[in-house]
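With the hints as constraints, model all of the structure from the sequences given.
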Amino acid sequence: MPLFDQLYNFAHWLTQDRTEAEDLVQEAYMKALKGFASFQLGTNFRAWMYRILRNTFLTSRTGLKAAAMVPLDADDAPELPSGAETPETLLIDHSQHQLLQSAIEALPVHFREVLLLCEVEEMSYQEIAETLTIPIGTVMSRLSRARKALREILKQQIAVS
Amino acid sequence: MHPTTAQLEAFLDGEASTSEMRELDAHLRQCSTCAASVLGHVQVKRAVSTAGKRFSPSPDFRERVRKSIASKPQRSPRRAWLTGAVAVAAMLVVGVIATSVNQHRLQREQVFREIADLHVATLASTNPVDVISTDRHTVKPWFQGKLPFTFNLPELQNSEFTLFGGRVTYLNETPGAELIYQIRKHQISVFVFQERAVGSVMGASSWVTKEASFNLETWGNDELRYFVMGDASADDIRTLVNMLKKAE
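Line by line, the protein sequences give chains G and E. For the first sequence, the working numbering assigns the number 1 to the initial residue and increments by one for each residue that follows. For the second sequence, the working numbering assigns the number 1001 to the initial residue and increments by one for each residue that follows.
I should point out that these hints are in silico values taken from the structure, not numbers from a laboratory. A couple of the hints might just be wrong.
[Said to hold, decoys possible] As a list, the in silico BS3-like pairs of lysine-lysine whose alpha-carbon atoms are at most 25 Å apart: (1) Lys31/G with Lys1210/E; (2) Lys1245/E with Lys1210/E; (3) Lys1053/E with Lys155/G; (4) Lys1140/E with Lys1185/E; (5) Lys1045/E with Lys148/G; (6) Lys1053/E with Lys148/G; (7) Lys155/G with Lys1045/E; (8) Lys1045/E with Lys1210/E; (9) Lys1146/E with Lys1245/E; (10) Lys34/G with Lys1185/E.
Set out below in structure tokens:
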């Protein structure tokens, strides 16, 4: 089954629950199968599959709750030049796996998904835009905010531990 | 002027335009603040990529979905069944092609990214080389006893390249050599690893590509795998590659 492992990983990150993730993946495959006629060859298959999965998630109970919790209006706000901040001293290595995983979990769902699509699925901005059905400019600003939020969470966690 | 965080990120995600990349390259070589920031971003990026691959489906579940996909069309009338079967087949073909092509591409890109990280780390380092010498007859013997293989370096007379020095580096837990060359103030890293350090993803073939805006060219002979990376023009990189190939 195409993309099965990756879709499952993504679904589990979204739902944070094994059973829900399984239901989600199964439903997404059924929908994809039914709607395969609507898939146009030459367009991006992966973005299409992820879009189905994600739309299914957003209409589920967990998804509705998660989406309702986060305002999206900050996406287009202007941002500061990086040089104005202190240098990035947050150095992360592989031993801090768990720390990082709980930080990703703590991200609001719209930050979590854009970050995972970029870093884990290694989608291009164009592909992410297709998957989330948002403009590329929004992909960029949302991704930037997601990374900033992740760094903030990590800094707090490191300060506590 | 310092680039914005979004510009740095687009640069690292390989999404900046050629002219933006050139500007950022130039800036990063002068600005240690931004170079350090880039290094931090690269590390978080890589850590997220690893930490994000966290959940895998249980074998039971995989089987259940496979069965439900296979059985569903059979319950429908004959025509629908045919359409269903065609859809499944088509979907599998598209998916399989997409994933297998992707797999190889991803593994290869992973290696390219590691190489880019090594190169950027060298650029950002205050001690970029462990042996400082412009003489290949000093640099090459320095690696003796430090690496489980040996290699030849080209004669640089009558060329614009200068050798700056070298250091031992690691890729996939395998030691290799990193040599720093300069041409018109552009730094170029030449990496030499044993072929097994990169696995089979490269094949025997050569690749010319861009990673994090750097020009990258790689090739392998029977035993060794070379990577030449830097912000010099693709033509300059190519010239150095040819000189290295001649010296092999």
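- Could you check the structure against the hints above and give me the numbers of any it violates, in ascending order? As far as the earlier hints go, 1, 10 are violated by this structure, in ascending order.
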